[in-house]
Amino acid sequence: MAPNIKIALDDLTVNNLGVLRRINSVVLPTSYSDSWYKDSLSVGELAKLAYFNDIPVGAIRCSLETPPSHKDQTRIYIMTLAVLSPYRGYGIGRKLVDHILEQAKKMFVKEVYCHVWVENDDALTWYQHIGFEKGELVTGYYKKMTPAGDAYILRKAIE
Amino acid sequence: MSAAAVPKARYLPPKEAGSFRQVLQLYETRQYKKALKVADTILTKFPDHGETLAMKGLILCFSEKKEEGHELIKKGLRNDLTSFICWHVYGLFYRSERNFEEASKCYVHALKYAPDNTNILRDLSLLQCQMRNWEGLITSRKTILSQKPNVRQHWTGLALGYHMMKNYELAENILSKYEETLKEPPKEDYEHSELLLYKNMIIYESGNVARALEHLESIADQVTDKLSVMESRAKYLLELERLPEATVAYRKLLNRNPDNKEYFFGIERALGVQDDVEKRKTLYRALAKQYKHSDAAKSIPLSFLSGEDFRQAVKSYIVDFLTKGVPSAFVNLKPLYDDEAKVKGIEDVVLEFLKTLSHAGNGVNGVGQNGSAKEKDNSPTTYLWTIYYLAQHYSKIGQPDLACEYITKAIEHTPTLVEVHMAKAKILKRKGDHVAASEAMTRARELDLQDRFVNTKAAKYLMRAGKSDEAVSVVSLFTKNDAHGKGVGDLHEMQALWFLTEQGEMFNRLGKIGLALKRFDAVKKIYDDWWGDQFDFHQYCVRRGTMRAYLGLLRWEETLYTENFYTRAAFDAIQTYISLYDTPKSARVAAELEGLTEEERKKAMRKAKRERAKQNKHSESEKIGGTDDDPLGKNMENTSTPLEDAEQFWKPVAACATWDQSWTWGEEIAKRKEQEAARVKLDTADKTT
Ligand SMILES: CC(C)(COP(=O)(O)OP(=O)(O)OC[C@H]1O[C@@H](n2cnc3c(N)ncnc32)[C@H](O)[C@@H]1OP(=O)(O)O)[C@@H](O)C(=O)NCCC(=O)NCCS
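For the protein sequence lines, the chains are A and B, in the order given.
Per this note's numbering, the first sequence starts with residue 81, numbered consecutively.
Per this note's numbering, the second sequence starts with residue 3, numbered consecutively.
Hints may be right or wrong, so weigh each one.
[As the list claims (entries may be wrong)] In the SDA-like style, the derived pairs of lysine to any residue whose C-alpha atoms are separated by at most 25 angstroms in a straight line are:
#1 Lys35(B) / Glu99(B)
#2 Lys357(B) / Leu108(A)
#3 Lys86(A) / Thr325(B)
#4 Lys411(B) / Leu108(A)
[To be verified] Computed beta-carbon distance windows for the label pairs:
#5 Ser122(A) / Lys587(B): 54 to 64 angstroms
#6 Asp453(B) / Glu239(A): 53 to 63 angstroms
#7 Arg546(B) / Gly124(A): 46 to 56 angstroms
#8 Lys294(B) / Met225(A): 49 to 59 angstroms
#9 Ser105(A) / Lys433(B): 47 to 57 angstroms
[To be verified] Quick look at which bits of chain B chain A covers, simulated, 3 or more residues with Cβ under 8 angstroms:
#10 380-388
#11 410-424
Treat the hints as calculated values from the structure; they're not laboratory data.
By construction, the Cβ of each residue, glycine as well, lies at the ideal position given by its N, Cα and C atoms.
For reference, chain A alone in the conformation it holds in the complex (with noise of 0.2 angstroms):
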């Protein structure tokens, strides 16, 4: 490994924010609206920025869904994933899932879940790579797209 880096993981704060905002927008398609990255600041562990010897590069921001109904399970959702393309393959994706795997653990929710665009065959590779499991197609998930485009479900459940 190439010498002397140091990867970590801290809280995103009010003071921050801006750098959650630049990852998702150089890194991902779609554009998220101020209030959406205002609410991430009440989401506590389950949006966190990873650093790269003390540079911001990644960032992962979920939501806890609790369903409206009792039987069905509390989830975390992973809304957004990103790490900018430099840094990749430095294990910091893995390294944020790993922290949201955790939280779900201590939470005790029994599932993590995401949507992945079905030409996204990185991604797609990837989530399987670190145990998720692909499951069933959603057919016209991503509305912006023209046409429509189709997604995956990628889940992990927690023992």
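For chain A, the structure is supplied; the task is to place chain B with the ligand on it using the hints.
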């Protein structure tokens, strides 16, 4: 004083005389309300009693009723011109106004009527320090010392006078005499130790280095500041050319602190290698080995090496920085940029290094087939810091387009790094594109809202771009804000020179002359405050015996008004006043209206009126709260004495020993004043004929 000597107007019957003493006591203990009451009881019977009037006035001045107080003080003095109390009070008044010159005149008067009054003598001596009236200081200090020879500060105070008059012998003698008065010198005593070092400084400044060294050795055991003994010893030995001993002395210093460049230069000279590049090279190679963590040992050789030697040295120096990710690499190397050959050497080295890096930009994709980056031999940040360096490099050597190219790559690579956005802003600023520069700086700020440094820069760049209100909002995130949520008042209070200067210059560009002058004046006031603030130290330092620190302060004050921030604001102000003089308002209007038809003229007038209204509509952020009755500086702009106003800014600069003779503002003002005088003479001649 005997009762017989009391003039009739001053005489008070015993009861009132007692009351008056009470007033003095209450004043001393700051019980102003009570003091006023007692003073009034005296005045009901003796309404013209000068000393009581003066005391009442003084107390009113300290109770926020300055004008009324001032009147009473003057009245009191008029009623009793030979009273030392009245003169002393008047002096205290001027002193509180920081009008030191008038104050000292009053004290001199007071002393005429009470030549031995220690309080007045002491007060006067402080003013003499403030005014740098060393001859006067010697006289008053001599009297004080003869009255109280058992107090150390009176001896040091007198020695100071002689020292400043460059009478080193007497200065030293005075301190020796003081030492003789001590039965046993105090041990481990900081104040005594400072006194000994002060004496050593006097001996050294007298030019007799050998004796200074001898004296230093004789006091070394008693001095608590060991480092300063070591530094002086090394310096003296070197000056005396006792080189082997000097070498040892500098070695010892380096062992304590291998980052002090002065020590390195000292050892070079002690070894006699300072003029021989080869020997210097060998020396620094050894030093760098010995002091592995010393930056100085590695960076000093960069200044004297050349050719291949330089290339090798700078290569290992830079590559180390770039791989470690030290953001300040460029700042450390900037001093070398005066030398073209070195600049070329640095450029080659960095470009070569860049080629060795694997990164997305040169076709070698960072992530391997299986997505792992682990086998890569360099971190992506090395590439990042390298192109960041090149961007700064090309901006510095006047190639803004290349600089932009590199910084754009750096931002694409890591858009979350504050430094790259700041660098982009700086590059654009150098190109003169202030709006884009400020946008880049804002992008830097958004990444870390709690970084005060970036916040300050962002505000500064907004002002450069003429965005007055936005700048104030940004900078106010870090200030105590007024009712409107703005921090301009606080920035005045915190003496934020950078802000006042930038805002002043911005107002100037926006044509808001009054506000601009207002800010330049605020800068001047801060410097005047600093000049005035030393007053407290004349007493404090001499009493505490911290003479070396005190002399440092005095010498710093001598150069105060040639500091960049002062001269920048002052020259801005002078220039503004001069152009107000050169084109007075009426002339400006007349010039615009010349040659127009009646209709056009009316139109132009209407337009001018609208413009004025626009300019007068000032946003909240421009005003500062408080009791200022001219918050927009209108009075300054409409001054009838622009040249005199300009002169106020110039005088303190010209009074500094360090002023740069290439500054021509003094002449510019003088030239115009002569013209003005000639014109006035002509006018009066016209009228009389
Ligand atoms: C997906 C993404 C977050 C991965 O981040 P990352 O930091 O590069 O991933 P990691 O380094 O943690 O990779 C973990 C493991 O996956 C492997 N891997 C990385 N990229 C891979 C890929 N494209 N295909 C298969 N495996 C991959 C790594 O080799 C590593 O394996 P190991 O731990 O067994 O050695 C990042 O590539 C990204 O931001 N992509 C674009 C945005 C996106 O698609 N987000 C997902 C949709 S929300």
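Against the range 47 to 57 angstroms, how does the distance between the Cβ atoms of Ser105(A) and Lys433(B) compare: consistent or not?
Violated, since Ser105(A) and Lys433(B) (Cβ atoms, about 26 angstroms apart) do not stay within the stated range.
For the pair Ser122(A) and Lys587(B), does the Cβ-Cβ distance stay inside 54 to 64 angstroms? Given range 54 to 64 angstroms: holds, Cβ gap about 58 angstroms.
Check whether the Cα positions of Lys411(B) and Leu108(A) lie no farther apart than 25 angstroms.
holds (19 angstroms)
### Message
Verify the CB-CB distance for Lys294(B) and Met225(A) against the hinted window 49 to 59 angstroms.
### Response
Given a distance of about 58 angstroms, which is inside 49 to 59 angstroms, the answer is holds.
Note to self: Hint check: Lys35(B) vs Glu99(B), CA-CA at most 25 angstroms. Holds or violated?
What the structure shows: This hinted pair holds, its Cα atoms lying about 22 angstroms apart.
Taking a Cβ-to-Cβ distance below 8 angstroms as contact, does the stretch 410-424 of chain B have at least three residues touching chain A? Since three or more residues must qualify, the claim that chain A covers the stretch 410-424 of chain B holds, with 5 doing so at under 8 angstroms.
Fill in: Hinted pair Lys357(B) and Leu108(A), Cα distance within 25 angstroms
Cα-Cα ~30 angstroms, so violated.
**Report entry** Given pair status - Thr325(B), Lys86(A), alpha carbons within 25 angstroms
**Finding:** Measuring from Cα to Cα gives roughly 13 angstroms; hence the hint holds.
| Does the Cβ pair Arg546(B), Gly124(A) satisfy 46 to 56 angstroms? | holds (54 angstroms)
* **Consistency of beta-carbon spacing, Glu239(A) to Asp453(B), with hint 53 to 63 angstroms** => violated (43 angstroms)
Checking C-beta pairs, does the stretch 380-388 of chain B have three or more residues closer than 8 angstroms to chain A? holds (count 6)
Consistency with the previously given hints fails for numbers 2, 6, 9, ordered from lowest to highest.
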